[in-house]
Amino acid sequence: MTSDSPATSSPLLQVRDLRTSFNTPAGKIPAVSGVSFDVNHGETLGLVGESGCGKSVSALSIMRLVPNPPGVIESGEILFEGVDLLKISDKEMQSVRGAGIGMIFQEPMSSLNPVLTIGRQITEPLGVHLGLSGAAAENRAAELLEMVGIADSRRRLGDHPHQLSGGQRQRVMIAIALSCEPKLLIADEATTALDVTIQAQILELMKNLTTQLGTALMIITHNLGIIARYADRLNVMYAGKIRESGTAEQVYMQPSHPYTVGLLNSVPRLDRPASERLDPIEGEIPDPANLPAGCAFAPRCRWATSECERSEPALEQVGDRQLVACFESKTVSDSVEIAWK
Amino acid sequence: MTSTVSTSEKVGESSGARGQDVDRTTPLLSVRDLQVHFPLKRGFIVQREVARVKAVDGVSFDIYPGETLGLVGESGSGKTTAAKAVVQLNKPGNGSVKFEGQELVGLSTSAMRPVRRKMGMVFQDPYGSLNPRMRAGDIVGEPLKVHGLADTKEAYREQVASLMTTVGLSPAMAERYPNEFSGGQRQRLGVARAIAARPSLLILDESVSALDVSIQAQILNLLQDLQEKYNLAYLFIAHDLSVVRHISHRVAVMYLGKIVETADAKDLYERPLHPYTQALLSAIPTPNPVHERSRERIILRGDLPSPLAPPPGCSFSTRCPIATDICSQTVPELKTLAPNQQAACHLATSV
Ligand SMILES: Nc1ncnc2c1ncn2[C@@H]1O[C@H](COP(=O)(O)OP(=O)(O)OP(=O)(O)O)[C@@H](O)[C@H]1O
Ligand SMILES: Nc1ncnc2c1ncn2[C@@H]1O[C@H](COP(=O)(O)OP(=O)(O)O)[C@@H](O)[C@H]1O
Ligand SMILES: [Mg+2]
Ligand SMILES: [Mg+2]
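Protein chains in written order, with our numbering: chain X, 1 to 341; chain Z, 1 to 351.
Source of the hints: derived by calculation from the structure; they are not laboratory data.
All values reported here derive from a predicted model rather than from experimental measurement.
Do not rely on the hints blindly, as some may be mistaken.
From the structure, some residues in chain Z lie toward chain X, with a derived Cβ separation under 8 Å [as the list claims (entries may be wrong)]: (1) G43; (2) E206; (3) S209; (4) D212; (5) S214; (6) L222; (7) V243; (8) T286; (9) P289; (10) S294.
Which bits of chain X does chain Z cover? Going by a derived footprint, with three or more residues having C-beta under 8 Å, they are [said to hold, decoys possible]: (11) 165 to 177; (12) 191 to 200; (13) 263 to 269; (14) 313 to 327.
Backbone N, C-alpha and C fix where the C-beta goes; we use that ideal spot for every residue, glycine too.
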């Protein structure tokens, strides 16, 4: 699949109208309902939104790792280097995972096998995808550990996960995810559980390595600061849909969806003078099994009109590369501009 | 429909965090040289102490009525242990904890009870900290019963209803169980319960950390309202430094069981003096791509050292970007380097 990869001008990954849902006793949960986006070669894309909005389910759908049952990918296309991942065999998908797309999860402890040495866990994919074994695999594994900044790497190969700190375990996860030089690395809340100084170490490492290797990176997080620092473009999700998308400058400097504005106003900011009070989004996220009709954000939106309660706005181009799903986006971005000066 | 957004740009004249509206004549809580050491025991039949974790190792701070002290530091630095020692949930090995002038260290459990009424606690986990089999109303009202603060059933019900309204919940929700509430609502319940017995100090240990940002902002506003209304003092523990700046009047930074820097929030954020504080602040990415891309970050080497074997001298010296020989030899004392600002660093100089 790698030999006939299309010209680098076409996107590496194209997600088209993806719909993934869960059948639960409480009813059908449309976790991802009609999501479309691209990831270009070598770029860093951010996916941001509050818990439960469908970030992880989007990533798991791309990897075809949605637990089934209760989850089903109902429809859509996931074109990776032009091939629809939803149409290939399990065996072919196996080789895409790892060799094509690597993934790092939030919980380093649950994604590493506690009874196997670090060395075994790194050399295994090297054998499966690259045919390396014995001393060659071991040398490569030691190199990889060194690459992610683990000192005394050869001795560390014999360690078990519990002998490492949280930050070191996440470094090992990065080493494994990058071991077969995938074209895309998906990092789902990969640093959320770590202390801020360690978080900074890991993120800088991930960014530097993917830049060096030319790997595209998809950073999934609820932390607006991380996306601002590392992502070229981002998608803002709310209740299973992308509500706004654009370059980091566009979305942070001229947000045009009320949800994006609300998120940015909810966080205290070290880059601005301290404020007396925050201006949070009112209310709470809707019950995913009973989403409101029309725009799912309307019940919390200070700009909502009766139209918003009736019909669902589509994601439409508002600027050069900025897309927004809101009937009132012009009013929203104008008043933000006034308020932010 | 409104057509303007109020933003966090609305600031008073001060560029710092919360204004100087605290009367600092008599401290409400005064902690001196607090130590909590946990023995690490080994052995099958006879347990022998093989090592000690100096979880809190000589911590001192004051909190004044109506003031928020933010306590920050990496996981394992001793924040929770210090907070528990304040309310005597951990028996400190050494040191003094004075609350409203009264020494708490050494008090019996029964002598502690009336004191504990005046110290509320709210924990991190909005799921685990509420009894799942109790109705919301009784969770909120339990302290009223324990401390005998409601004479009649009617008075009890009224107070519970008013507490729920105060934290932004409908009194009609009193009949529900915790699992019927969202994370943010559960945290509101936790706050209502903590203020039920009309405490003068609230200990908030990562109370907003697990919440989504929009809900977190709602709870932070609620905490500020309550502080103003009841002149409540807060010991606010969090790892998010931007949240801590927003809510705190003063901030103390902990590293491996010690306070390494303390200052008014405004000064600490504008002019951190300890290299650890500097690194910590530099590690926080802000939601501003222009600012982020033009900013150099201090990236610390390595992990927090094991608390079982802290490095000699300054415990930060193994990760410190500017450490010299003296740092691995002598433990630095907290020195006053600016008005109201102290740092424990051999190399930090007065300003
Ligand atoms: N009951 C205990 N027995 C032994 N060691 C303990 C105990 N409680 C805490 N410790 C140790 O004391 C140190 C400080 O722990 P503490 O929970 O106070 O940290 P913290 O700053 O609150 O961290 P976090 O940010 O992760 O909540 C750690 O090394 C911890 O492992
Ligand atoms: N295994 C599952 N079973 C049922 N519902 C699920 C499952 N995994 C996720 N969901 C639901 O799908 C929605 C999106 O979840 P997720 O993608 O994990 O959110 P996040 O954006 O926080 O990563 C949520 O409503 C969640 O409850
Ligand atoms: Mg997730
Ligand atoms: Mg703690």
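Here is how each hint holds up against the structure:
1. G43: 22 Å, violated
2. E206: Hint on E206 (chain Z): violated, closest Cβ of chain X at ~13 Å, above 8 Å.
3. S209: With a minimum Cβ separation of about 11 Å from chain X (threshold 8 Å), the hint on S209 (chain Z) is violated.
4. D212: This interface hint holds because 4 Å falls under the 8 Å limit.
5. S214: 4 Å, holds
6. L222: Violated, because the Cβ-Cβ distance from L222 (chain Z) to chain X comes to roughly 10 Å (cut-off 8 Å).
7. V243: 6 Å, holds
8. T286: 4 Å, holds
9. P289: 4 Å, holds
10. S294: At about 11 Å, which exceeds the 8 Å cut-off, the nearest Cβ of chain X leaves the hint on S294 (chain Z) violated.
11. 165 to 177: n = 3 at 8 Å, threshold three: holds.
12. 191 to 200: With 6 residues close enough to chain Z, the hint holds.
13. 263 to 269: holds (count 7)
14. 313 to 327: violated (count 0)
Of the numbered hints stated above, those contradicted by the structure are hints 1, 2, 3, 6, 10, 14, listed in ascending order.
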